[in-house]
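Fit chains B, P, A and R with the ligands to the supplied structure of chain W, relying on the hints for placement.
Residue numbers (the numbering used here), protein chains in the order written: chain W, 222 to 468; chain B, 222 to 468; chain P, 1207 to 1452; chain A, 1207 to 1452; chain R, 28 to 338.
Derived from the structure by calculation, the hints contain no laboratory data. A couple of the hints might just be wrong.
Derived EDC-like pairs (lysine to aspartate or glutamate); straight-line CA-CA distance at most 16 Å [unchecked claim]: (1) R:K174 with R:E190; (2) W:K458 with B:D312; (3) B:K468 with W:E366; (4) R:K48 with B:E338; (5) A:K1327 with P:E1411; (6) W:K468 with B:E367; (7) B:K373 with A:D1265; (8) B:K468 with W:E367.
Just some of the chain B residues that point at chain W, by a computed CB distance under 8 Å [stated by the list, open to error]: (9) N229; (10) L237; (11) A323; (12) T401; (13) K408; (14) F445.
Don't be surprised by glycine CBs; every beta carbon is placed ideally from N, CA and C.
Spelled out from the first residue to the last, the chains are:
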Amino acid sequence: MPRSSFLNSTLSLGLLLLIWQVTAVLVASAVLPTPFEVLSNLNSSVQSGELQHHLGITLYRLTISFCLAMFLGIAIGLILGRQQKTNAFFDSWLIILLNVPALVTIILCYIWFGLIETAAIFAVVINKLPNVIVTIREGARNLDEELIQMAKAYRFGRLKTLAHVIMPQLYPYIMASARTGLALIWKIVLVVEMLGRSDGMGYQIHLFFQLFDITSILAYTVSFIVVIQLIEMAILKPLDKKSQRWK
Amino acid sequence: MPRSSFLNSTLSLGLLLLIWQVTAVLVASAVLPTPFEVLSNLNSSVQSGELQHHLGITLYRLTISFCLAMFLGIAIGLILGRQQKTNAFFDSWLIILLNVPALVTIILCYIWFGLIETAAIFAVVINKLPNVIVTIREGARNLDEELIQMAKAYRFGRLKTLAHVIMPQLYPYIMASARTGLALIWKIVLVVEMLGRSDGMGYQIHLFFQLFDITSILAYTVSFIVVIQLIEMAILKPLDKKSQRWK
Amino acid sequence: MNKLSIEINNKSFPEISGKAAFTTIKNLHFDVDNNEFVCIVGPSGCGKTTLLNIIAGLDEQYAGSIKADGTDNGIKTSYVFQTPRLLPWRTVLENIQLANENEDTPVTKIEELLHNLGLEKNLNSYPHHLSLGMQRRVALARAFCVQSDILLMDEPFVSLDQPTARKARTLLLELWQAKQRSVLFVTHDLNEAIEMADKILFLSESPSSVIDEIRVNAPRAERTPDMVATFKGQLKNTRQHLAHLI
Amino acid sequence: MNKLSIEINNKSFPEISGKAAFTTIKNLHFDVDNNEFVCIVGPSGCGKTTLLNIIAGLDEQYAGSIKADGTDNGIKTSYVFQTPRLLPWRTVLENIQLANENEDTPVTKIEELLHNLGLEKNLNSYPHHLSLGMQRRVALARAFCVQSDILLMDEPFVSLDQPTARKARTLLLELWQAKQRSVLFVTHDLNEAIEMADKILFLSESPSSVIDEIRVNAPRAERTPDMVATFKGQLKNTRQHLAHLI
Amino acid sequence: LILSACTDVDNSSAIKISVLKYGTVNWTLETIKTSKLDIKNGFELSVQPLASTQASKIALQANATDIIVSDWTWVARQRGNSSDYVFAPYSSSAGSLVVPPGSSINSIRGLVGKKIGIAGGPLDKNWLLLRALALKEGVDLDKQVEKVFGAPPLLNNLILQGELDALINFWHYSARLKAKGYTQLLSTHDSIHKLGIKATIPILGYVFREAWANNHPIELNNFLTASREAAELLCTSDTHWNAILPLTRTNDAITQELLRHSYCEGRITQFTDGEKTAIQKIYSILASTGGAKLVGNVKQFDMQLFWNNPR
Ligand SMILES: Nc1ncnc2c1ncn2[C@@H]1O[C@H](COP(=O)(O)OP(=O)(O)OP(=O)(O)O)[C@@H](O)[C@H]1O
Ligand SMILES: Nc1ncnc2c1ncn2[C@@H]1O[C@H](COP(=O)(O)OP(=O)(O)OP(=O)(O)O)[C@@H](O)[C@H]1O
Ligand SMILES: [Mg+2]
Ligand SMILES: [Mg+2]
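This is chain W alone, in the form it adopts within the complex:
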């Protein structure tokens, strides 16, 4: 009998909190506040409305750049994975794009576009895009040729083949890059906001960092993780379930 998923996650989070609490008490340093301190900090940030403001803005940036990066990444990754020649040509570009430090792309974006919203979003997309491409490309290289032949024999056409034959096979790769992608974008948004925005979680966290206020940093982190957990529960998990129902 499987434990109910609710009980399960309560148990799991409870254990985590316990570990945190014990460590915090043992360490007894301002650098590792107890969960309680973090929660009360979180509470007051919510009360003041500050947290919602910055979280909202960051989520806005995150959503746009996530969608852009995923969409472009899947398209390009699919092309590179299926067309060996194109891939051979652009492979080194991809490696370069992957390994240019975030700092460089962010600075260049800000310098070219100015300290504006577009620059920030563009910088995030540029940083996330190559990761999506690389992951999807691996998936596209490992598609089942038999099913593609079937689609060809029955004249599915491009769109139908994409929707019914290719996408379901890419699904695990898309999920992997969506999950790691949310995390990566969040990490990059932090840097982007730190270097040149006047609002958002990254801006705030950096401010706290200057003051060495770990409690507030953790409070903001917790709020973001809660959002991600909600996304996971409301979108990704159901998607997973739906996509796995044929197994």
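Coordinates of chains B, P, A and R with the ligands only, in the frame set by chain W:
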């Protein structure tokens, strides 16, 4: 007739350099130096031996933490992907680990372990690990049950099943996380070195940033990309080829 | 569509690490008349699947030509592959509908067909939850539904029990008579070939070519098991070079 | 190993979205004697593969027991699946060796076996470069090499041309006689069953159980096509309830 | 043996200090090292160069270093978090507000509606003091200008590109702009004076743990002496100045001269109770402008944070 791969990459890199050169000349700003300027800067950094020193140290950190993160990530990802119950329990831990800002983990590592090498490497591993886990987990969820049954019927045993049945299926996922992983680790190593080391590429690049010396930043970036290209050509590409020979 | 003429001068698979280049088909020529039912018999590994793939346009790396009515415009095929090749993430019904979208075959017709093949309970099952024989029947239904100039079938009735296979054969003949088209039918079972075909092609070991072409002229109603056995006996006696295939 | 007694009281697949829970096997009991050759015949989708999976220990979600010599310790099986199930990233030889590592069958023996199955040229080919029939033969060779208490075979000889299938049958009988073990052989071809079996089990539609058990006592040398046809004729006349399966 | 090794280290006269590689403090430290001022003063200096100010703060927290350089607002706040840090003044060089050559902005009022870059974020002292000053004139800069927070080098570059109308930046960044003809509208000290506090207060200082200082009072004082001597050398001796020129990372003679000038001007000549009370007053101004964010739970400035020999 396929163009030789050497010609191909020369052409591709040539085109990139050309685009860069033209943009740099058009922009004509200190912020986007021409390739030539960057190369001569690179040359003088190499002459002084400075670059090799910092590159060497960063590569050392990168290698250790990459190996650790991949090894642990594959093991944990496989377990979570195959055992639904364990996964249900640790899922939220994973999401938390994924989304704790790098800043927080890095600071905590340094403060707990001191500003030592171990702390730096540990911080990188902590940041990379959840990404590997998530990717491998998707792969482990999509293994071919028929082949696993076959292995069971013929009593392959754990190790043999792992080596001959599971690993080859995980291969594309491992490659995806190796490729994006090198890039991610490189990005995190930059922050780790910035926040608490007195050597390495991250330390240097951040110093250059304070002086807004984009030319030097790009020179260092180029040197790193060259290394990654070499890794790609000497290790990953041949691996790819070997693993695809049965197709 | 009228006549289909197939001329494959050479089909080889390129050299791959560990295996030298391999010529599968060499100088294989034959014609398929309008609405003709052609069975293809040949040793395992001789290139039958390769041949069907070429005709279906899935493999373009060969020397030769496939001409329909003298031109080489695309031929509309439906294809029962040697394995079921169903989309695992689509139900039985969806799998068939997807292949049929252009023609808009009404659902009731599909349901009737599935009923005839004994799958009435599994309209909404996913392929992974079916036995292999059931999956093969779904693949059959898919090919039967699609309107096409030519129906390619690669050992379609293996893995079916005798009664189901009999029913499927009848169904195929009915379908073929109702809506005339050419059929290319690969089988290892000479009885089946004699029962179904207008013409049986015998292929050699690879590099394969046509070693013999036998016409079966008896009307299909008269092809009882006895008649098939007699025909086979005659064949064995008159065509020594086919003995190893029988 | 001595006697194997199989008692499956109930095997059902749980409810899944879009499909209700489904009982495949109900009260299916039979024994396999030491070194007995048992053929299983039943309609497509009745649960034959499910049964073999249970015996092989691949499926443990059932009510009942599989007992060898009265105990339910693991039985050492080798299994020819309904699909080849070769590791695509291993060559033919490697695939067979991997399954054999515990026994250390010498390479020459494997090569000989592959030669007998007509695969002498493909020792180092990867499965993707073989035709389906060839892949099936590799799977046969793999199962033949492994020492086991019981050999499970799920329609092993479909997709093979007649001569190859004949050779494979002979090989199987030789192997079985040389190194005695029990064989469970699923087939849709009653002729094949009569030719090979000590005992033929007929299964009903699912939820399936054994509806009849027929012994074939003639020595194998005497089982000519004529004898098989006669035997089948008798069966048809004496056992009305089996008519639909014949 | 291990124990004795440990005590050995503890009793040694070595001082570890973590600073920005290209920061101005490092000029002083370099001079101490090259002129062997540490040996002469009876201690041994070991400098750990780091790439960011944050890194040095982490180092101090992690007990990986003895001394870092920071400002007293940070120390005040950390003391509130029960960290026993102490501050010894080092420099009064302060940031400033600069505008491009020929800019129409010539007063605080002129900033209204303009785009201003602010390095160091919304809690930056320079910015808070400017806001306080503007409030006295009835202008709420926080609401009436377009603020652009960003990294100091990035902002410097943006104003050069003409994307900003004015910029508040740290002094060594401002110096580079001034060398390019940019005008300094207001320095932090100007703001302080206009706010009615007549003292030139230190901005940066050496920060260390009180416990450590109490254990090493002699070495610490020797170090502070050496630091003053080194600064003196840099301002009076061209040879010494030229020796550290590479650390300024500029080849432009005007910039170099400006940097040296500001550096020397920022030397601390005296630090008496007068300055301390001035700092206390400024802190309360900052606290009222910056709010709880800046000061945390430290409502009252703790005069104990200044290093005052062993207590
Ligand atoms: N991708 C490939 N690369 C190399 N050789 C191949 C490839 N596909 C098939 N072959 C070879 O071509 C020959 C013909 O294969 P094909 O699948 O057409 O045989 P077939 O006649 O359909 O056999 P069967 O009756 O067993 O299905 C085989 O010998 C096989 O080894
Ligand atoms: N994973 C599954 N989930 C649900 N139902 C299943 C599953 N696997 C098999 N079944 C059902 O169990 C029944 C028996 O399947 P099985 O594969 O054992 O049939 P079979 O006798 O081997 O048929 P065939 O001769 O066609 O191979 C089928 O009706 C099938 O729909
Ligand atoms: Mg074939
Ligand atoms: Mg079956």
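Here is what the structure says about each hint:
no., hint, in the structure
1, R:K174 with R:E190, "holds (12 Å)"
2, W:K458 with B:D312, "holds (11 Å)"
3, B:K468 with W:E366, "holds (10 Å)"
4, R:K48 with B:E338, "violated (19 Å)"
5, A:K1327 with P:E1411, "holds (13 Å)"
6, W:K468 with B:E367, "holds (12 Å)"
7, B:K373 with A:D1265, "holds (11 Å)"
8, B:K468 with W:E367, "holds (12 Å)"
9, N229, "holds (5 Å)"
10, L237, "holds (6 Å)"
11, A323, "holds (6 Å)"
12, T401, "holds (4 Å)"
13, K408, "holds (6 Å)"
14, F445, "holds (6 Å)"
Violated hint for the displayed structure: number 4, the only one.
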